[in-house]
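Enquirer: The primary structure of each chain is shown beneath.
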Amino acid sequence: MKSLKAQHHILSDTHEQIEILEHGINHDDSFKLIPFQQKMEEAGLFPLRPTGLEIFQINVGKMCNQVCKHCHVDAGPDRKEIMTRETMQQCLDILAANPSFKIVDLTGGAPELNPDFRWFVEKIKELDKHIIVRCNLTIILANKRFNDLPQFFKQHSIEVVSSLPFYSRDRTDRQRGNGVFEDSIKALQMLNAVGYGKEGSRLKLNLVYNPAGAFLPPSQEILEKEFKTTLKKDFDIDFHSLYAITNLPISRFLDYLLQSGNYEKYMEKLVAAYNPVAAAKVMCRNTLSIGWDGFIYDCDFNQMLDMKVDCSAHHISQFSDTVLSNRNIVINQHCYGCTAGAGSSCGGAVA
Amino acid sequence: MANHYYNAEDLGKFSSVGEYQKPMADKFFAWYGEVFAEGNLTAREKSLIALAVAHAVQCPYCIDAYSSDAFEKGWSEGQMMEAIHVASAIKGGAALVHGVQMMNKVKEIAM
Chain A
1 MKSLKAQHHI LSDTHEQIEI LEHGINHDDS FKLIPFQQKM EEAGLFPLRP TGLEIFQINV
61 GKMCNQVCKH CHVDAGPDRK EIMTRETMQQ CLDILAANPS FKIVDLTGGA PELNPDFRWF
121 VEKIKELDKH IIVRCNLTII LANKRFNDLP QFFKQHSIEV VSSLPFYSRD RTDRQRGNGV
181 FEDSIKALQM LNAVGYGKEG SRLKLNLVYN PAGAFLPPSQ EILEKEFKTT LKKDFDIDFH
241 SLYAITNLPI SRFLDYLLQS GNYEKYMEKL VAAYNPVAAA KVMCRNTLSI GWDGFIYDCD
301 FNQMLDMKVD CSAHHISQFS DTVLSNRNIV INQHCYGCTA GAGSSCGGAV A
Chain B
352 MANHYYNAED LGKFSSVGEY QKPMADKFFA WYGEVFAEGN LTAREKSLIA LAVAHAVQCP
412 YCIDAYSSDA FEKGWSEGQM MEAIHVASAI KGGAALVHGV QMMNKVKEIA M
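Taken in order, these protein sequences are the chains called A and B. Each residue of the first sequence is one higher than the last, beginning at 1 in this note's numbering. Each residue of the second sequence is one higher than the last, beginning at 352 in this note's numbering.
It is possible that part of the hints are untrue.
Stated by the list, open to error - In silico DSBU-like pairs for lysine-lysine, Cα to Cα no more than 35 Å straight-line:
#	chain 1	residue 1	chain 2	residue 2
1	B	LYS373	A	LYS228
2	A	LYS269	B	LYS397
3	A	LYS204	B	LYS364
4	A	LYS225	B	LYS456
5	A	LYS265	B	LYS456
6	A	LYS281	B	LYS397
7	A	LYS198	B	LYS397
8	B	LYS378	A	LYS225
9	A	LYS69	B	LYS373
10	A	LYS32	B	LYS442
11	B	LYS378	A	LYS281
12	A	LYS265	B	LYS442
13	B	LYS397	A	LYS39
14	B	LYS373	A	LYS269
15	B	LYS364	A	LYS265
16	A	LYS186	B	LYS397
17	A	LYS39	B	LYS364
18	A	LYS39	B	LYS442
19	A	LYS269	B	LYS456
20	B	LYS378	A	LYS69
21	B	LYS458	A	LYS225
22	A	LYS232	B	LYS397
23	B	LYS397	A	LYS265
What the hints assert, rightly or not - Cβ-Cβ distance ranges computed for the label pairs, FRET-style:
#	chain 1	residue 1	chain 2	residue 2	range
24	A	LYS2	B	HIS449	57 to 65 Å
25	A	HIS9	B	GLY429	50 to 58 Å
26	A	ASP28	B	ASN354	44 to 52 Å
27	A	LYS80	B	LYS442	57 to 65 Å
28	B	ALA445	A	GLU19	52 to 60 Å
In case anyone wonders, no lab produced these hints; they're calculated from the structure. Just so you know, even glycine gets a beta-carbon here, dropped at the ideal spot from N, CA and C.
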């Protein structure tokens, strides 16, 4: 399967995606939803303001060994956007100068496919930051040169956050591609073998669930119990926490919603499930998202819609903690995805 | 009078039954919520039972609601269809087992 970009798909144009989100499938306002801004105004949360600069999330490139059907990044083997070592160095300079950033969250694509990934991790670690790597698991088995990733992660005390949409083969492979479940299980066993995910272990292994279809995640707490019981019984796998993440109507998931005729119902479901408690705790309030080319966004979703931060510090070359701390966070209709039900963030439910 | 008996949008109006009899509706919805909460059976198990019963009572609203709910709670298409076969087998069996009553009666009156 090719990325939307490689297919020259109309949705690879972010303006088209925003038009659909704001004005409906035919751009004619025949399908109207309450504007997200209005909901935030009612909750006293508009303009949405940052609470701090704590998490520095870096998208080191869109290349991935998988082509998942729900991917909001439209990542895949054909994506060539990769962060250079020069841009990484700029990120390191910011991290060194800003101790408020305690966590560096590395994502992609498959971040490990960036040729400077290991160098970058070592340099971040020298700054004494906690590192999260969003590892898709199958990368560990994709090539011999990645087989030692569990040891590398362990050596640098990296927290591993991995997608496993379900504890059954069928549902995982439907979303992430044939054979992904089997390889993911093997990779999890390899991570367990070096000490990841074990009870009491400092080597944190957390899994990410996202729905394989046009519906919201069920209770994170209950799902975590089911994942733990089944993965232990069937595959002797241990992990720490499960993060239930809602799919946002962006890029390939938006394409799926439109193709399957679910777009309007899904949006209505998100709006109906709007939770002001979750809205107050959205991750964009303490996170900055950095693109492969160094531009700054409020979150990874805004990044994929090319909605840069609304302040003068657009790019890491212009970084200013004062300017960024005082910005208004850019919101739009897709933000309903993070405020539905128990809420959704890169760390799972928030309410 | 409406020109049809079932409208998918009516499911979303279920709680409006309280408009004509609030105390009973409140009790029903509170009880309903408790029934489907985690208990000695998980909410996930209860959802599959509800799906099967929905087919047995042939309630289109319940079928829509619990097809979504059971799938969202992780039951596979195959598992959901087997649950419906269980409901159907009980319904079919319930009819067929009365064949014994028919046989008893016929034997009573036949020469």
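Enquirer: Against each hint, give a clear statement of whether it holds in the structure.
Expert: These are the hints, each one checked on the structure:
| no. | hint | in the structure |
| --- | --- | --- |
| 1 | B/LYS373 with A/LYS228 | 42 Å, violated |
| 2 | A/LYS269 with B/LYS397 | 23 Å, holds |
| 3 | A/LYS204 with B/LYS364 | 45 Å, violated |
| 4 | A/LYS225 with B/LYS456 | 54 Å, violated |
| 5 | A/LYS265 with B/LYS456 | 55 Å, violated |
| 6 | A/LYS281 with B/LYS397 | 32 Å, holds |
| 7 | A/LYS198 with B/LYS397 | 31 Å, holds |
| 8 | B/LYS378 with A/LYS225 | 31 Å, holds |
| 9 | A/LYS69 with B/LYS373 | 46 Å, violated |
| 10 | A/LYS32 with B/LYS442 | 44 Å, violated |
| 11 | B/LYS378 with A/LYS281 | 33 Å, holds |
| 12 | A/LYS265 with B/LYS442 | 34 Å, holds |
| 13 | B/LYS397 with A/LYS39 | 34 Å, holds |
| 14 | B/LYS373 with A/LYS269 | 26 Å, holds |
| 15 | B/LYS364 with A/LYS265 | 16 Å, holds |
| 16 | A/LYS186 with B/LYS397 | 32 Å, holds |
| 17 | A/LYS39 with B/LYS364 | 23 Å, holds |
| 18 | A/LYS39 with B/LYS442 | 48 Å, violated |
| 19 | A/LYS269 with B/LYS456 | 56 Å, violated |
| 20 | B/LYS378 with A/LYS69 | 43 Å, violated |
| 21 | B/LYS458 with A/LYS225 | 57 Å, violated |
| 22 | A/LYS232 with B/LYS397 | 23 Å, holds |
| 23 | B/LYS397 with A/LYS265 | 25 Å, holds |
| 24 | A/LYS2 with B/HIS449: 57 to 65 Å | 60 Å, holds |
| 25 | A/HIS9 with B/GLY429: 50 to 58 Å | 33 Å, violated |
| 26 | A/ASP28 with B/ASN354: 44 to 52 Å | 30 Å, violated |
| 27 | A/LYS80 with B/LYS442: 57 to 65 Å | 59 Å, holds |
| 28 | B/ALA445 with A/GLU19: 52 to 60 Å | 55 Å, holds |
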